[in-house]
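Here the protein sequences come in this chain order: A and B.
If you read the first sequence in the numbering used here, its first letter stands for residue 17, the second for the next number, and so on.
If you read the second sequence in the numbering used here, its first letter stands for residue 17, the second for the next number, and so on.
Keep in mind the hints are simulated off the structure, nothing from the lab.
Owing to the predicted nature of the structure, the values given are computational and were not obtained by experimental measurement.
Accuracy of the hints is not assured; some may be wrong.
Claimed, not checked - DSSO-like, lysine-lysine: derived pairs with alpha carbons at most 30 angstroms apart: (1) A/Lys350 x B/Lys161; (2) A/Lys287 x B/Lys151; (3) A/Lys350 x B/Lys151.
Said to hold, decoys possible - Computed, partial: chain B to chain A, Cβ under 7 angstroms: (4) Phe150; (5) Ser212; (6) Ser385.
Stated by the list, open to error - Rough simulated footprint, nothing fancy, chain A against chain B, three-plus residues with beta-carbon under 8 angstroms: (7) 107–117; (8) 192–204.
Ideal Cβ positions, reconstructed from N, Cα and C, are used throughout, including at glycine.
Below, each chain spelled out in residue letters.
2 protein chains.
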Amino acid sequence: MISVEEAQQRIASAFSPIDTETIDLAHMAGRVLAEDLTAHTDQPPFPISAMDGYAVRAYDGGEPRRVIGTAPAGHPFKGKLGSGEAVRIFTGGVIPQGADAIVIQEEVDGEGDMIHFNAGACTSDYIRAAGLDFKAGDVLAANGKRVTARDLALLAAGDITYAKVRRRPRVAIASIGDELSRPGEPRQPGGIAASSGYGLSAMIQAWGGAPCDFGILPDTAQEIATVADADAELVVTLGGVSVGDHDLVQKSLGTRDFTLDFWKVAMRPGKPLIFGRLGTTPLLGMPGNPVSTLICAILFLRPAIDAMLGTDKQTCSLPQRFKCGCRTLTARLKRELPANDSRQSYLRARLIQEGGEVWVEPFEVQDSSMLSILAQSDALVVRAPGAPAAKPGDPTEIIPLDGY
Amino acid sequence: MISVEEAQQRIASAFSPIDTETIDLAHMAGRVLAEDLTAHTDQPPFPISAMDGYAVRAYDGGEPRRVIGTAPAGHPFKGKLGSGEAVRIFTGGVIPQGADAIVIQEEVDGEGDMIHFNAGACTSDYIRAAGLDFKAGDVLAANGKRVTARDLALLAAGDITYAKVRRRPRVAIASIGDELSRPGEPRQPGGIAASSGYGLSAMIQAWGGAPCDFGILPDTAQEIATVADADAELVVTLGGVSVGDHDLVQKSLGTRDFTLDFWKVAMRPGKPLIFGRLGTTPLLGMPGNPVSTLICAILFLRPAIDAMLGTDKQTCSLPQRFKCGCRTLTARLKRELPANDSRQSYLRARLIQEGGEVWVEPFEVQDSSMLSILAQSDALVVRAPGAPAAKPGDPTEIIPLDGY
Chain A
17 MISVEEAQQR IASAFSPIDT ETIDLAHMAG RVLAEDLTAH TDQPPFPISA
67 MDGYAVRAYD GGEPRRVIGT APAGHPFKGK LGSGEAVRIF TGGVIPQGAD
117 AIVIQEEVDG EGDMIHFNAG ACTSDYIRAA GLDFKAGDVL AANGKRVTAR
167 DLALLAAGDI TYAKVRRRPR VAIASIGDEL SRPGEPRQPG GIAASSGYGL
217 SAMIQAWGGA PCDFGILPDT AQEIATVADA DAELVVTLGG VSVGDHDLVQ
267 KSLGTRDFTL DFWKVAMRPG KPLIFGRLGT TPLLGMPGNP VSTLICAILF
317 LRPAIDAMLG TDKQTCSLPQ RFKCGCRTLT ARLKRELPAN DSRQSYLRAR
367 LIQEGGEVWV EPFEVQDSSM LSILAQSDAL VVRAPGAPAA KPGDPTEIIP
417 LDGY
Chain B
17 MISVEEAQQR IASAFSPIDT ETIDLAHMAG RVLAEDLTAH TDQPPFPISA
67 MDGYAVRAYD GGEPRRVIGT APAGHPFKGK LGSGEAVRIF TGGVIPQGAD
117 AIVIQEEVDG EGDMIHFNAG ACTSDYIRAA GLDFKAGDVL AANGKRVTAR
167 DLALLAAGDI TYAKVRRRPR VAIASIGDEL SRPGEPRQPG GIAASSGYGL
217 SAMIQAWGGA PCDFGILPDT AQEIATVADA DAELVVTLGG VSVGDHDLVQ
267 KSLGTRDFTL DFWKVAMRPG KPLIFGRLGT TPLLGMPGNP VSTLICAILF
317 LRPAIDAMLG TDKQTCSLPQ RFKCGCRTLT ARLKRELPAN DSRQSYLRAR
367 LIQEGGEVWV EPFEVQDSSM LSILAQSDAL VVRAPGAPAA KPGDPTEIIP
417 LDGY
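The whole structure should be built from the sequences, with the hints applied where relevant.
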């Protein structure tokens, strides 16, 4: 048995960024960039007014000004502003040639085409310089970044219309077990509905992968061996990793050029995890128990997808940590916990915000077969091997289950 | 001018849950349920073994047992187990009739079909009772819940194959401004690329709505009035709300049965927000400045979508708070802030995790035209009207910008 950390390292080191595709700006949300995107233009492209008012020369002080034209957004004043002159300007309007200050409209008295204001009302503060937000050639979003909605607006402002992104890695999912049939299908005696695959597909999609369902395979070596034919960057098997005295997945795949990297991780739930290669394709064999499957996915599958997308090298800011799931946060424990044994434990728990702090309350019942408890959970409490007993108020490591 | 809170209340009260559609389990991730989903089966449907070992009668104590059959998952033992008998059982196997205890395989010595173990090894702890996870008729996911990946696995286990969900509300987006053209298109003098709509569409999609792009409209009343023809549950205009002395959107829509609810909110950025109705369709007129647009979307558009999806009545657990954006968390301030004026402010900021606590550091530059700063932000710091100066370490209210 190896530690969770070693298993994560071995898995992550088995993947590298996959090939790329070029896509349109409109489809870029959530995709991972495979190149630095640099602005094609200054933003703003020219100095503009931040307010509605009048563009003037500051040097003229409080002298009255003659209004010689207008400059609304999109309609620059074509002439040049001279001494004693003003141009009516609106938010986003281009600062006319010759002007170096704005007087906001609230400060102005006017009659006909003459305006009056105090010298002190005249300020360059409301002029946004060309390139204030960014300059042509600035990197607006770096290689390896997952594009957010805010990035999209920024890229559009930089006149970027397409980008090279990582292809979504294909992850084949095969559910193994004679007892399984699809939800709603007739059930044999002793049969249950296959459930993990549905949750896993949604997680893979949320993390940027493309799940492909390989279906349900019975517990025979011949059937299980067919997963070697999946056209995918990663094959995930669910179940068949801890059947009786032997491991069915390993045994079945022996005929298909399977090389084991490791089997069994010192964790709870999820111990009988397999990792290896089917020819050149990595294979992650997860326990069939749905709670174990989904927790193993958060711990081991997500980092694999991150590595294929090239996001794993990025410095993680806090919100990304919330999202990436494999990273942890600290919360205060709401109730006492006994000392842990030698396996790293992931307790299903609720989060509570109280007095400006985040508290975490593990469920009393931690049976690893209870999907209902996992579905109600807000976070997993991480208990290290050999962790001593903990009391209410102790800071404790959690993995928030946000968004999946 | 009204307060942010009043604006949010007036907007939320203008929407109610929209109509529903019935969709397959495989497409349910992220959708909002319009009915309680109840389990069609007990889970497990029958008592099963949690371990590999032997099913026995506890009453027989440490007596040797004769192995009379096997019960792997999906293949129940068909007979009845009697005194002095055992059935070889595997994880997920149905507990045979007559058995009431499991001896795990590690505790057993065997020879031929006879097995030996200590009486103390015999336990009912490894029997998972029928319905341990849930019982037929239990509500697995409630009306108004946004379905997570974990919910999907739970619903599948409960044999649920389809559900009634809220239709994605259509949100029409019209960008207004003579200065705008699409990214990559030729630019007029004084022209810039329309950018807010791209970010807004991605946000609407992330929040469960269906964005429909109404395109770019010039600053003329006739053109702007065409938004009244949009086939949508909500019309959003970007720009045209603060042009010169008048409000162009209101003026243009007067001919199209527009009723104003409010105009202008005491906030920064984002003051000139409009809310009203075009006939019966709500209209949200947002400032054209992309930073204002996206912050107003988080504060006002997301709650509108939530109300249409029927999620707003749900008690928000912490991870949902992270997601919903309109809810806030507490973090410690990394640097001092001056006293605030009478407008509620939303400062762009970075989050840092340090010593088990979350710290927030507002950017020095808060110019509302700087999309590059918003894109780098992890959170918004909320500064209430009249908030006194704050010093490093002070707990402060933040809106995390997670996932968008």
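Next item on the list: Take a quick look at whether A/Lys350 and B/Lys161 sit within 30 angstroms of each other, Cα to Cα.
Entry: With a Cα-Cα distance of about 26 angstroms, the restraint between A/Lys350 and B/Lys161 holds, given a limit of 30 angstroms.
Next item on the list: With a C-beta cutoff of 8 angstroms, work out whether three or more residues of the region 192–204 of chain B approach chain A closely enough for the coverage to hold.
Entry: holds (count 8)
Note to self: Verify this for me: three or more residues of the region 107–117 of chain B with a beta carbon less than 8 angstroms from a beta carbon of chain A.
What the structure shows: Per the Cβ count (4), the hint holds.
Next item on the list: Below or equal to 30 angstroms on CA atoms is what counts here, so check A/Lys350 against B/Lys151.
Entry: The hint holds at about 29 angstroms.
Item checked: Restraint outcome when B/Phe150 is required to lie within 7 angstroms of chain A by C-beta distance -> holds, 5 angstroms
Check: Does B/Ser212 pass the interface hint, meaning its C-beta sits closer than 7 angstroms to a C-beta of chain A?
Finding: Since chain A brings a Cβ to about 6 angstroms from B/Ser212, closer than 7 angstroms, the hint holds.
Checklist line | Minimum beta-carbon distance criterion (7 angstroms), B/Ser385 to chain A | finding: holds, 6 angstroms
Notebook entry, point to check: Does A/Lys287 pair with B/Lys151 here, judged by a C-alpha cut-off of 30 angstroms?
Noted result: holds, 28 angstroms
Checked against the numbered hints above, the structure violates none of them.
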